[in-house]
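Engineer: Next come the chains, spelled out residue by residue.
2 protein chains.
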Amino acid sequence: MQKTEPRTLPGFMELLPNEQILFDKIKQTIEETYKNFGFLPIDTPIIELSSVLLAKAGGETEKQIYRFNKGDTDLSLRFDLTVPLAKYVAKNYANLSFPFRRYQIGKVYRGERAQKGRYREFYQCDIDIIGDGELSLINDSELPLVIYTTFKKMGFDNFTIKINNRKILNGLYEAIGQKDNSVEIMRIIDKIDKIGEENVKEEILKLGVSAETAQTIIKFIKIIGSTDEKIQKLEEMQIDNEMFKKGVEELKQVVKYIRLFGLPENNFTVDLTIARGLDYYTGTVYETFLNEYRELGSICSGGRYENLAENYTDKKLPGVGISIGLTRLFSKMLELNLINVNKKSISDILIIPMTENMEVPLKLATDLRNLNVNTEVYLENKKIKAKMKYADRLGVPYIIVIGDNEIEQNNVKIKNMETGEEVETKLEAESIKGLLK
Amino acid sequence: MQKTEPRTLPGFMELLPNEQILFDKIKQTIEETYKNFGFLPIDTPIIELSSVLLAKAGGETEKQIYRFNKGDTDLSLRFDLTVPLAKYVAKNYANLSFPFRRYQIGKVYRGERAQKGRYREFYQCDIDIIGDGELSLINDSELPLVIYTTFKKMGFDNFTIKINNRKILNGLYEAIGQKDNSVEIMRIIDKIDKIGEENVKEEILKLGVSAETAQTIIKFIKIIGSTDEKIQKLEEMQIDNEMFKKGVEELKQVVKYIRLFGLPENNFTVDLTIARGLDYYTGTVYETFLNEYRELGSICSGGRYENLAENYTDKKLPGVGISIGLTRLFSKMLELNLINVNKKSISDILIIPMTENMEVPLKLATDLRNLNVNTEVYLENKKIKAKMKYADRLGVPYIIVIGDNEIEQNNVKIKNMETGEEVETKLEAESIKGLLK
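The listed protein sequences correspond, in order, to chains E and W. Position in the first sequence (first residue = 1) + 27 = our numbering. Position in the second sequence (first residue = 1) + 27 = our numbering.
No lab work stands behind these hints: they were computed from the structure. Check the hints yourself; a few may be wrong.
All copies of an identical chain are treated as equivalent in the list; a pair is satisfied when it fits inside any one copy or across any two copies.
DSS-like cross-link-like pairs, simulated, lysine-lysine; straight-line CA separation at most 27 angstroms [as the list claims (entries may be wrong)]:
| no. | residue 1 | residue 2 |
| --- | --- | --- |
| 1 | LYS273 | LYS410 |
| 2 | LYS371 | LYS52 |
| 3 | LYS52 | LYS179 |
| 4 | LYS83 | LYS97 |
| 5 | LYS180 | LYS62 |
| 6 | LYS371 | LYS143 |
| 7 | LYS409 | LYS272 |
These numbers come from a predicted model, not from an experiment.
Kindly generate the complete structure, drawing on both the sequences and the hints.
Structural biologist: Listed below in structure tokens is the structure:
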């Protein structure tokens with residue numbers, strides 16, 4: 028019979044079970060943190076009508092979309108969780124309570140050119156808070172707490188949540204007569220980490236900006252100091268522009284409430300160079316960096332937007348949200364050895380019968396499972412050597428071997444597979460459970 | 028601005044948050060039960076190469092598949108979790124321990140004609156045990172235990188796992204010279220619940236089967252009595268066919284080990300009319316019915332197969348597995364009021380500030396969250412009436428209102444939203460947590 032090569036598509040992550048256990052654990056940590064902050068779950072289809080999904084999209088995004096016909100229907104796979112959220116909120120508006128706090132964790136699809144670290148199928152872990160008509164600025168301060176708590180629970184300490192406000196940027200460019208160049212200038216500034224200040228200045232000058240104006244921009248992005256000092260310097264810049272002033276005031280308020288929520292000073296900062304995309308965000312913006320691994324880029328980003336669902340409804344629905352790209356983050360964590368694939372087994376214990384009398388081992392398995400001990404029985408009729416090899420490869424923390432002697436004496440040895448240590452106890456579920464760590 | 032109607036495709040389940048909470052809880056119960064039996068998680072892509080996914084498929088399945096090109100690549104969405112498992116095991120053979128016990132819970136896609144209760148996107152919750160070359164029959168007895176435990180944990184009591192063995196059926200039809208008609212006969216027998224014995228007999232006769240042979244078939248499917256009586260009557264049938272005898276012996280063994288695992292007699296039975304599909308299964312087969320809602324059909328099915336991955340590898344990989352179609356089951360449970368969408372909130376408590384001083388409410392929220400209490404703060408600047416309306420609609424079990432008095436006296440009332448009862452306590456996280464149920 029002709030065999031087909033069992034291939035997985037490039038750009039699609041497919042993990043071995045020991046890696047999957049770890050991935051699922053991190054995903055669960057994120058989900059539990061989102062729930063801890065009272066976010067509600069939703070689960071939208073992966074396939075949507077192209078007319079719905081692409082009501083707004085264009086340019087680069089549209090090229091990447093998996094789009095196809097089924098019968099006469101023009102369908103697309105979702106490329107993020109924000110557009111489906113907009114559809115969901117517009118569709119279910121009458122049945123939702125606002126502010127609507129939702130989380131969604133799911134796969135999204137982008138037909139990127141395949142390259143290392145780029146995924147075509149990847150998990151996004153999103154939260155958003157959607158207001159009906161208006162939404163308090165304090166929500167902008169709560170999300171950094173969610174980011175902080177999530178990464179702390181994932182085991183990170185040394186990370187920084189960078190905060191900025193798009194009104195400050197837009198107001199500044201308006202004030203210095205560079206509104207039309209603002210998108211391009213922000214794009215250039217975004218590269219400052221990679222190309223340095225001198226190159227940024229040079230590229231800005233190439234846009235036909237005067238030396239004086241370029242100097243103001245450089246002065247602005249070079250504002251340094253503590254969070255409070257930066258805000259003070261912004262206020263002192265005396266930019267005569269309402270939007271700029273509003274942005275500074277918002278930033279000041281967001282920082283104030285971030286502190287009231289108790290976010291440590293070490294884990295956030297004002298960073299005037301971050302802009303997050305080009306037209307979606309209208310206020311607070313966030314990026315998050317691992318300080319020792321800046322090369323990973325932002326591992327959690329988001330911000331405030333004016334109007335979530337304007338393509339679907341006349342209702343004004345302002346919101347603020349963040350997203351973690353988990354698939355890429357996980358692959359980088361593996362690559363950098365930030366996590367260890369040491370837990371190989373879902374089972375807490377493996378029962379190895381060495382007897383014809385299966386009644387005792389099978390009943391014990393059921394009893395242990397009923398005590399919430401994840402339990403597996405080796406059921407194959409093999410030599411003890413093969414059975415032990417299976418236990419080793421499975422990476423199960425404890426094993427017990429049950430032979431006729433053990434049954435007769437109602438006694439069993441529990442072996443800790445990590446230390447090799449053996450402890451004897453009664454052959455019953457309660458006693459055995461008591462000896463598991 | 029022109030608005031797009033925010034539609035979701037027919038055949039794609041999209042729940043409101045209160046329904047989603049319930050769905051997620053059931054999904055989690057299933058996952059935890061699968062883990063309790065030591066199954067390992069895998070997560071395969073939703074998109075695969077058509078050449079890989081359709082290596083075996085044909086007929087009805089192929090017509091339903093979502094298949095499309097991206098660039099020059101012929102892609103398909105997975106239509107079950109079994110073919111991806113076969114690919115996965117063949118691909119990762121060297122890195123897996125056998126027997127390989129895996130679970131996978133994920134969405135699959137079938138472009139069925141849209142009709143009530145039929146889904147085009149739905150969750151399957153699968154477990155399979157794959158052997159390398161061989162696999163002990165005791166595994167066939169463990170899966171009914173997993174089915175039993177799963178449905179018990181979901182709150183069901185009155186359900187029956189029906190067990191049969193394909194070898195018995197195939198052997199019988201071979202013995203009575205109806206091997207070529209066997210597929211058609213099994214299809215007819217499958218309808219006995221719907222059309223009754225007389226119609227079954229009539230349809231069988233129409234195949235050109237002799238009256239005597241038809242009588243043997245009817246006698247066979249009418250075998251009644253307890254599980255043990257049925258097995259005894261099978262043995263007494265004196266069918267002179269090796270496969271039949273092997274099937275009866277396997278069934279007998281499977282029943283024996285099912286009892287050793289401790290499955291209650293009430294929850295399983297031998298049913299000689301179930302056949303499960305037409306060519307995939309080769310031994311034990313399972314179907315599961317809610318006794319009071321037989322019209323739902325089987326809510327958990329599966330069986331034993333000879334060779335999982337013959338399209339991808341020369342390795343012989345026998346296995347046994349089951350699958351729960353969760354999306355359809357959930358929609359039926361809702362429809363029949365088997366579950367109540369009463370829990371509306373992920374939050375355990377909602378803090379409602381009635382003060383300008385946000386320091387205390389925000390700090391309390393952080394403290395409660397750190398004690399694993401899911402906590403939400405109402406952050407909008409609204410009148411108390413609007414705030415209470417939000418609390419009501421959210422369906423949160425407890426609220427506390429924090430005004431300047433509460434802060435001054437360091438005292439707060441916790442209101443149980445179900446009973447209306449109010450209890451006073453210190454305004455601190457530990458005391459408040461102690462009063463939550």
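Engineer: Each of the hints needs a verdict: does it hold here or not?
Structural biologist: Hint by hint, here is what the structure shows:
Taking the closest pair of Cα atoms, LYS273 and LYS410 come within 27 angstroms of each other only across two copies (25 angstroms); inside a single copy the shortest separation is 76 angstroms, beyond that limit. Proximity of LYS371 and LYS52 under a CA criterion of 27 angstroms is satisfied in both settings, with 12 angstroms inside one chain copy and 26 angstroms between copies. Taking identical chains as interchangeable, the C-alpha atoms of LYS52 and LYS179 lie at most 27 angstroms apart whether they share a chain (14 angstroms) or sit on different chains (26 angstroms). Taking the shortest Cα distances, LYS83 and LYS97 sit within 27 angstroms of each other both inside one copy (22 angstroms) and across copies (22 angstroms).
When the C-alpha separation of LYS180 and LYS62 is checked against a cutoff of 27 angstroms, the pair qualifies both within a copy, at 13 angstroms, and between copies, at 23 angstroms. Taking identical chains as interchangeable, the C-alpha atoms of LYS371 and LYS143 lie at most 27 angstroms apart only when both belong to the same chain, with a minimum of 26 angstroms there against 42 angstroms between chains. Only between protomers do LYS409 and LYS272 lie at most 27 angstroms apart by alpha-carbon distance; the minimum there is 26 angstroms, versus 76 angstroms within a single protomer.
The structure is consistent with each of the numbered hints, conforming to all of them.
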